[in-house]
Amino acid sequence: ISPLPPEWMADVEKVIPSPNAPGGQIRIINDPLVPAVVDSGAGGWVIFWCQSSLGFQYNIGATGLTPKSSYNVRAEGARFEVVFEDPSSADWTPIEPGVWVLFSVPTPVELDLGTFRSDANGSGGVKGVERLEAVYLYEVGTIISDSDGADVLLTPADDLNGFIVY
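With this note's numbering, you'll find the sequence shown wraps up at 166, consecutive numbering, no jumps.
Among the clues, some could well be false.
As the list claims (entries may be wrong) - Here are the simulated DMTMM-like cross-link-like pairs (lysine to aspartate or glutamate), alpha carbons at most 25 Å apart as the crow flies:
{"#": "1", "residue 1": "Lys-68", "residue 2": "Glu-139"}
{"#": "2", "residue 1": "Lys-14", "residue 2": "Glu-130"}
{"#": "3", "residue 1": "Lys-68", "residue 2": "Asp-158"}
{"#": "4", "residue 1": "Lys-127", "residue 2": "Asp-151"}
{"#": "5", "residue 1": "Lys-68", "residue 2": "Asp-91"}
{"#": "6", "residue 1": "Lys-68", "residue 2": "Asp-151"}
{"#": "7", "residue 1": "Lys-127", "residue 2": "Asp-86"}
{"#": "8", "residue 1": "Lys-14", "residue 2": "Glu-139"}
If you are wondering where the hints come from, they were derived from the structure by calculation, not from laboratory data.
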């Protein structure tokens with residue numbers, strides 16, 4: 001397995017060989033966060049492990065925020081059951097070699113990922129691991145909100161943070 005991702009995986013920062021992970025590798029993804037209000041000047045990113053035995057392993061950062069202000073970070077979405085052997089059923093969808101997902105039965109997911117205070121330049125972030133139940137595909141959108149609860153940055157709807165906990 002090559003340490004460099006194929007060109008079609010533009011958002012993949014790194015590939016780590018791992019015989020226990022689905023597909024034999026762990027991909028570390030870098031997805032953008034976009035302003036909740038157009039032309040706010042804020043920007044951000046979510047770096048996360050696409051395959052994990054622990055849960056949502058993340059490093060979330062933001063720039064262009066109000067300096068020395070508090071921000072809450074959360075993720076919202078759904079989880080779907082996965083199997084690693086062909087279930088021989090039309091209800092299951094193959095998403096990559098050796099991985100099938102039951103998309104017809106979503107379970108809502110809400111994660112509190114922490115709080116940070118922006119620095120004097122308006123930058124800040126959080127990182128950590130949110131332990132989650134294994135044998136699921138999680139698809140979540142990351143949201144950064146100000147201290148009044150107004151959304152400032154979020155994952156674009158067409159680019160949710162998708163990862164498998166095995």
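Inset, instruction - Please name the hints from earlier in the document that this structure breaks, with their numbers sorted from lowest to highest. - result: 1, 3, 5, 7
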